[in-house]
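Colleague: Got two chains here, each in a separate frame; can you build the complex from them with the hints?
If you're matching them up, the sequences are chains H and C in order.
Mapped onto the UniProt record's numbering, the consecutive letters of the first sequence carry residue numbers 1 to 293.
Mapped onto the UniProt record's numbering, the consecutive letters of the second sequence carry residue numbers 1 to 353.
I should point out that these hints are in silico values taken from the structure, not numbers from a laboratory.
Only true hints are included.
Just some of the chain H residues that point at chain C, by a computed CB distance under 7 Å:
(1) His15
(2) Leu21
(3) Ser29
(4) Val112
(5) Leu115
(6) Ser118
(7) Arg119
(8) Pro120
(9) Ala292
Please read all numbers here as calculations on a predicted model, not as lab measurements.
Quick reminder that beta carbons are idealized off the backbone N, C-alpha and C, glycines included.
Residues per chain are reported as follows:
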Amino acid sequence: MSSNGGVIHDIGFRHYDGPRLGRGYLIRSLYVESLRGCYGLGRSAKSKIMPFLLLTVLVAPAVIIAVVAGVTSMKKLPVDYVGYMFALESAIAIFLAAQAPATVSRDLRFRVMPLYLSRPLSRNDYVAAKYGAMSTALFILIAVPQTVLFIGALLAKMSFWPNAKDWAAGLLGALLLSLVLAGIGLLIASITPRRGFGVAAVITVLLLLSLVSGALASLADINGHPDLAGYFALLNPVSLVQGVLHWLVDADVSYPQPPPGTTGGLVFTAAMFVVIAGCYTLLLARYRKVSAS
Amino acid sequence: MMISVENLTKRYGAVTALDGLTFAIEPGVVGLVGANGAGKSTMIKILLGLLPATTGGARVLDLDVATDGPTIRQRVGYMPEHDCLPADMSATEFVLHMARMSGLPLTAARERTADTLRHVGLYEERYRSMGGYSTGMKQRVKLAQALVHDPGMLLLDEPTNGLDPAGRDQMLALLRRIGTEFGIPMLVTSHLLGELEQVCDHIVVVDGGRLLRSTSTADVTSASRILAIEVNERVDDLGRALHAAGLSVHPAGRQIEVELVDDSTYDIVLDTVVQLGVGLHRLERRRHRMAEIFRADPTLDPNGQNLQDSQGAPNGVAQSAAAELQQRWASTAGPGAPGTPHHDQRPDEGRQR
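Next comes chain C alone, as it looks inside the complex (with noise of 0.2 Å):
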């Protein structure tokens, strides 16, 4: 286990930032989700084993926080939410002392410095003071510092906040790498649930420091029965036609989601379209998104209602739009004019089974 948690519980006075949290996750690249104040970073610090714990007590790298801070805070890497570099410095010459300050010896830490500002993506700006950088740089240089000495497993709390949507995906993509190619198992904290799925095998998620989930990714998404079809024009002629055709059909926006029965589903949607001669753009398994563990379980503790409106609201307008488009093709049920066949691309490209 990279990391287990057993009723684990911190007050602030009269402040309960966690709740009785229980769970344990395997080594991999973890999401820790919740909206600001959830706790996220409470947990960070006593996974760090610079905060006690209320009651209960939680375990990393099968280490005891209680009693094995010193050795857990050499085995793993941190990266701290707010800004901590000073700003009369220069990257080489904080990460190469952070190497140091983490027991390397000079020689290697000079080394390591090099090689980890490269990884993150530092090359002529880490002689610079690091005053002027951009937060994108910042970030990096955190993310350095928590990896220059090889840690165990990296503590990562908010990487990409600030950064603009460019700078966040670069991040989430380096996360990755470190994650996959470098084997580094990580925690990743982050207020937004989209970003992380992208890079998770596992999320856990909570909210007013109680734990709502934790799941691995794999499991919510993982391919569905639905297959969704993007063409360019007529889509509500499509969506007649299938429907007659005697799928199961459902509007999503401007794609059309049908229910995959078997094989044969696929045939004959690309009979059906080019029938009606359009130019099909895509066609493809949807994949389950995250936002759906929390409509996926009504159960809810109340506390998550939140979440689960910020995430639900939406969707319910467009489920009931939906079902009245539903009924509208049902009615005018009958084959879709037929037309000449063009390939504006060729169908099979856009399959994925």
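So here's chain H without its partners, still in its complex pose (with noise of 0.2 Å):
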């Protein structure tokens, strides 16, 4: 070695005899570092930019509507929980389209698989790590806000317990819609190692699949077949999700009809356990192609 500081007191190499952790370690590890790569933390301030921008989106405006609760002491929100979520999906579909490819295309870009693969961590680890941090990245960016409001909520000294149901049903539309858009966000992030492609396919998917559903289900409801556009929202996973949650918890849907009672309920709530169930299948099978040199 040739750049001696001279300051540098050498004290050998120390051999290491402690525990090596097993494979439910490494997950937990890639899980971590993968979640904190999802808001730029332990990388560089370019790449903090943009997740926290979006989180600031979201957030901003329950503090709002939490301070204007507090001081004009509202009885009720001005806004359900659930449709705080709905009313913000734009933002959250950005967010999911510039952090799935930071999280697995940039593996692909930078090579860094082979890496992982040759330590003990299998494929399947590493796809259940990834998108348990992808979804939980995204459950955070929703479920902050809400519970930015719970918060306004009950400081203006709102009644407890309704809110605190609202609230609950609110952290179920989180999970349930993090679950689904992680999964459709890493399967299409992880076919390209170029950033540029994977957040411009992710958007382009969401949106495609949401302008197709809601002009099907604006003609079906014209035309007079109401079931049927009940069901056109089965296309684009963001009313999927909404679906599900207005037969679970009586959420308002943006579309000009809710799945069609109990069937539809039911219909909804399957899908949506196939689309995630898909997604995650999809995956594996994706990185069991994946090269390890």
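Modeller: Take a look at the structure:
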């Protein structure tokens, strides 16, 4: 070695005979690192801009609503917890489009995969950790403003139980939407090592699905097929989750028709689980093909 | 045995990457040499248990690659040939993460990350994003992530790739240090035989997926019976004089090689140099060079022809020129003109026995 600073005292190489933890620890470590990465923590300053900007976009209105509610002593919040999440769905979609490639495309682009695979971590462990990290990042993004609203409601001395119940419904919605969107986003981003392509592809797919399903639902509704109009909401992952929440916690839907009755609710719920499981399975299949070199 | 390979074959469809390799190596610094595409990277992937062998098998640290893949991967460190560093992360963050991915608890991972980066020679720059690193720094980080969990063995794929001569020497010195001082055995691949002979205890040569040689470098590069002499002037006169004194003389560029019979050979050489009054720059026992393993064995597989040629051709020219010079000296044999002895350098200083 040539770059001897002159002041660094070499105490020699020390061997390690402490514990070497197993796969569970590896998955947890990768999960934590990826979750931090979703918010640009432990990355360059530039990587932090986008996620924190979007987090601000989601939290700021909630803070304003909470303050206004407190100052004007409202009896009830002007928005409900589930409705707030869907009102800002585009910001959530942008977060997904920006951070899904940062979570998986990055490892393909910089060819970090061989380093993971040359360690005891398996391909399936990798998928589990990444899916968990992306879902958690989305959940934090959605749940933080909901919690701000809830705290605001309590500070404004609104009644506790109705708010707590709605807040819990909101968190359930946040969880379901996170799982669905994370699956779709990661699946698309895992195909390309290019970050830019990943961002564009995720946005395009979400936008197209929303446009097509919205247009079809409106057409069906105008032409007198309300049930069909309800089912067209299945095509859009966001309205899919909205439909499930309508059935489960009586949330408002932004589509002309909600899922028809119990059958509709069951169909939407089943479809949602198929999407989550399907994305996960396809991700596993995708990562079986990723080269170890 | 650190690595033992038994009749190992790997085919990708119609392409045979490895063809019936069998060898076994003791722990130490081991070089795996071959041209690009000789099957070195395939071999490493099989040893890591990431790629199944088509036929045959291999054992790493007495573990079977086919069944004990996860255990092997916990105990070895792997440095790939290609870039594998995320540009938006600092070396510290990255190596810390990789240490945890090898199962080290957070505190131990932090400590060992700092230690390891220092050992590979990364100081202040380790807090900067790796996107701005030079190739030399990147190679050091790649080595650090393989070394951080104190592996039982290192698999290093072309660690000197892309480095300038100075960086190459530093990397080789570092590898030698890891192998001897740190006591971590390793398998190092390279397409350059010359650089591996400096650091390796054992060399495995593959070409076109076949085994050419598996030898200890000590065998090959042990001191030979050749004495190399370098003087500041009148090389030809010295050659003639030594020939006249009864030594077997071969010119070798600006040096002269004489066959070492016994200790009296040294005396004859020194006396002759003093008589001629020339300055003696060097007097040393030649070591064999690894390149000779290619020339030494004429029964090499025809697949090895290109390797043999690339090493052998310049030597062929040199040898015929040498033979010519030798004849000239023999014909004009006679004592060189005596002159005043002067001592550019004390002859004994260059003397190595």
